[in-house]
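Q: Residues per chain are reported as follows:
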Amino acid sequence: MEELTYIVKRILQMIPVLLIITFIIFFGMRLIPGDPALLLVGNRASDEVIAATRARLGLDEPLFTQYLLFLKQCLTFDFGESMTLRAPVTELFAQKAVITVSLTLMTIVFAILISFPLGYAAGVKHDSKIGSFIDSLSLTFVSVPEFLVGLVIMLIFALRLKWFPVGGWGDTLGERLHALILPAFTGALGTAALVLRNIRGNVIQVLDKDYVDFAYSKGLSPWKIRTRYIFKNVLISTVTLLAMRMTYMLAGSIVIESVFALPGIGQMMLNAILARDYSIVQATVYLFSIIVLLMNLLTDIAYSLLDPRVKLN
Amino acid sequence: MAEVLLEVKNLHTDFITEERTVQAVNDVSFQIRRGETFGLIGESGCGKSVTCRSLIRLVKHPGKITGGEILYQGKNLLEYSEKEMRGIRGKEIGMIFQDPMTTLNPILTIKTQLVESLKDEKMTKKEKEERALELLRLVGIPSPKERLACYPHQFSGGMRQRAMIAIALASRPRLLLADEPTTALDVTIQDQIIRLLKRLKRELDMSLVLVTHDLGVASQMCDYIAVMYAGKIMETARAEVIFERPRNPYTYGLMRSIPSIAQKGKKLYSINGAPPNLNDMPKGCPFSPRCEFCEERCKKEMPPLVQVEPGHFSRCHCAEKMEHIKGRTRPEEGGALYA
Chain A
1 MEELTYIVKR ILQMIPVLLI ITFIIFFGMR LIPGDPALLL VGNRASDEVI AATRARLGLD
61 EPLFTQYLLF LKQCLTFDFG ESMTLRAPVT ELFAQKAVIT VSLTLMTIVF AILISFPLGY
121 AAGVKHDSKI GSFIDSLSLT FVSVPEFLVG LVIMLIFALR LKWFPVGGWG DTLGERLHAL
181 ILPAFTGALG TAALVLRNIR GNVIQVLDKD YVDFAYSKGL SPWKIRTRYI FKNVLISTVT
241 LLAMRMTYML AGSIVIESVF ALPGIGQMML NAILARDYSI VQATVYLFSI IVLLMNLLTD
301 IAYSLLDPRV KLN
Chain B
1 MAEVLLEVKN LHTDFITEER TVQAVNDVSF QIRRGETFGL IGESGCGKSV TCRSLIRLVK
61 HPGKITGGEI LYQGKNLLEY SEKEMRGIRG KEIGMIFQDP MTTLNPILTI KTQLVESLKD
121 EKMTKKEKEE RALELLRLVG IPSPKERLAC YPHQFSGGMR QRAMIAIALA SRPRLLLADE
181 PTTALDVTIQ DQIIRLLKRL KRELDMSLVL VTHDLGVASQ MCDYIAVMYA GKIMETARAE
241 VIFERPRNPY TYGLMRSIPS IAQKGKKLYS INGAPPNLND MPKGCPFSPR CEFCEERCKK
301 EMPPLVQVEP GHFSRCHCAE KMEHIKGRTR PEEGGALYA
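Chains as they are written, first to last, in the numbering used here: chain A, 1 to 313; chain B, 1 to 339.
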């Protein structure tokens, strides 16, 4: 019951945060020079056409009225039509979100598959050559920018070896999964390197804890000690980091989607910003903010489930 | 005399790094008999904890047992495989640690940690739970049924120490290694835990290795005592003998350092200096730089551990010079030297 009250309270606390976000994104977009109507119809259009377009887009209304309209849209989740794409924004978002969310999930899975075993090994063997090798390798991948890694990976696996498509999205499920592998791998490397370092540090710390020695002195099997004593304790802080990286990935999808020409949210955002498509940018930022806030809440819930010392209140 | 349960012969444990090798335990030998409490005492860093951990081969990295024998019921544990050692740990030799705050896994319930220590595979789940309950009762945890489902952070320090003891005793080991079991507790709880250990030892017919720097605790509990310094045993004898007739300046120094009411108003005694750095050991007797009996010979030659009277061994060139010295009589049950 206490937990439920806490969750409701947290959701209510999101309202002021979201309100501030709507304010920043609405007025922020309008501070960027460039008139969406002009960009839509082109430089050579007559003044009447431009004025008519402005009226059609609702840009001739007073700014405050436009803001209120946006707030109404935020409440109903109906963001009207895109200024440039002539389709309902909510529908566009849903379509593109499938790609970005699948990309993010696959990226997380890859990151976990890479970082968990390597991080654990690097922690256990931290004073051996293998340990320091993994450690320096991870440091490299923390530092190299994603777009560069993406290009190199593309060059090797798509252009040379032709194992994967250079970019784009497929029609069938198989094609789509195939198309996601390289971008997901690219995105995973940076996160995996960070998570690996976090796990390594935690493993070193936990290995030094008396409860691990106590577990050995009880004659428990190494498997039990690794899972129940070391890994579960390591996981507590790693889950927080993973969740933080997941929100970062959603937001960072712009870079990877551009490199691999994936028509996801990131690409849509980029195009919308260039075309000053206010409706898409506003809606996307707003919806993303909700996702990020919800994920933070989920992280806190997961944290309390993993660590009995943490209570939701 | 009761039979020998564990015999340590010429044990060497070194900490080996690329730069150097540190001899933390240097040629240590002793015996523990059935039902006996054996105390390893000395200052911090003298090797008593490492000796204790060596007994179940749980020396922290980069420590390594490099020589000697550990004979448990006649069999050399150093020849056992890691898997065979798992059969010894918990079941034959259990261990409890200093800090109850950090010795229990914070994310498992007390019940889980108790049940997983029960190594009898024939037991059903229900029987194991029964046994877990019984164990909590045995160590005197009130309302054990409710406590089983608790996590360690919901326990007080004393209760955690009791729970740790219950877990270590789950599979009824014949020998319990207690590494400073009372050091992290406040004095009233210390006394309770000492009484508890004494009772359990009697009831379960266990032997006990007690590692402590607290002579008061040692005098209350131990049958035999070995005083360690810089990785070596300096003096060993029955507890009452050591307390009455110390024949090693280090032991004597430790005893004189205990404040007592009789010396009220006088300046507290302390041994000058600090234990030597194990990287840079003095030539000769390791205690010589701090010793008030020190002679020229002590600075050059390591004294051997010699018998000064039957069953009483001391590592000192000047042991005879100490014959007139009286130690402190062993305090009464419950009364502590540190009172």
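A couple of the hints might just be wrong.
Cβ-Cβ distance ranges computed for the label pairs, FRET-style [said to hold, decoys possible]:
hint: 1; chain 1: B; residue 1: V306; chain 2: A; residue 2: Q205; range: 34 to 40 Å
hint: 2; chain 1: A; residue 1: S143; chain 2: B; residue 2: P259; range: 42 to 48 Å
hint: 3; chain 1: B; residue 1: S270; chain 2: A; residue 2: Q205; range: 56 to 62 Å
hint: 4; chain 1: B; residue 1: K299; chain 2: A; residue 2: P222; range: 26 to 32 Å
hint: 5; chain 1: A; residue 1: L173; chain 2: B; residue 2: I16; range: 53 to 59 Å
hint: 6; chain 1: A; residue 1: L298; chain 2: B; residue 2: R195; range: 35 to 41 Å
hint: 7; chain 1: B; residue 1: G74; chain 2: A; residue 2: P222; range: 24 to 30 Å
hint: 8; chain 1: A; residue 1: N296; chain 2: B; residue 2: C150; range: 25 to 31 Å
hint: 9; chain 1: A; residue 1: R10; chain 2: B; residue 2: C150; range: 24 to 30 Å
Hints listed in this document are in silico derivations from the structure and should not be mistaken for laboratory results. All C-beta atoms in this analysis are idealised placements derived from N, C-alpha and C, irrespective of residue type, glycine included.
Q: All hints, please: hold or fail.
A: Hint by hint, here is what the structure shows:
| no. | hint | in the structure |
| --- | --- | --- |
| 1 | B/V306 to A/Q205: 34 to 40 Å | violated, 46 Å |
| 2 | A/S143 to B/P259: 42 to 48 Å | violated, 58 Å |
| 3 | B/S270 to A/Q205: 56 to 62 Å | violated, 36 Å |
| 4 | B/K299 to A/P222: 26 to 32 Å | violated, 48 Å |
| 5 | A/L173 to B/I16: 53 to 59 Å | holds, 56 Å |
| 6 | A/L298 to B/R195: 35 to 41 Å | violated, 49 Å |
| 7 | B/G74 to A/P222: 24 to 30 Å | holds, 28 Å |
| 8 | A/N296 to B/C150: 25 to 31 Å | holds, 30 Å |
| 9 | A/R10 to B/C150: 24 to 30 Å | holds, 27 Å |
Checked against the numbered hints above, the structure violates hints 1, 2, 3, 4, 6; every other hint is satisfied.
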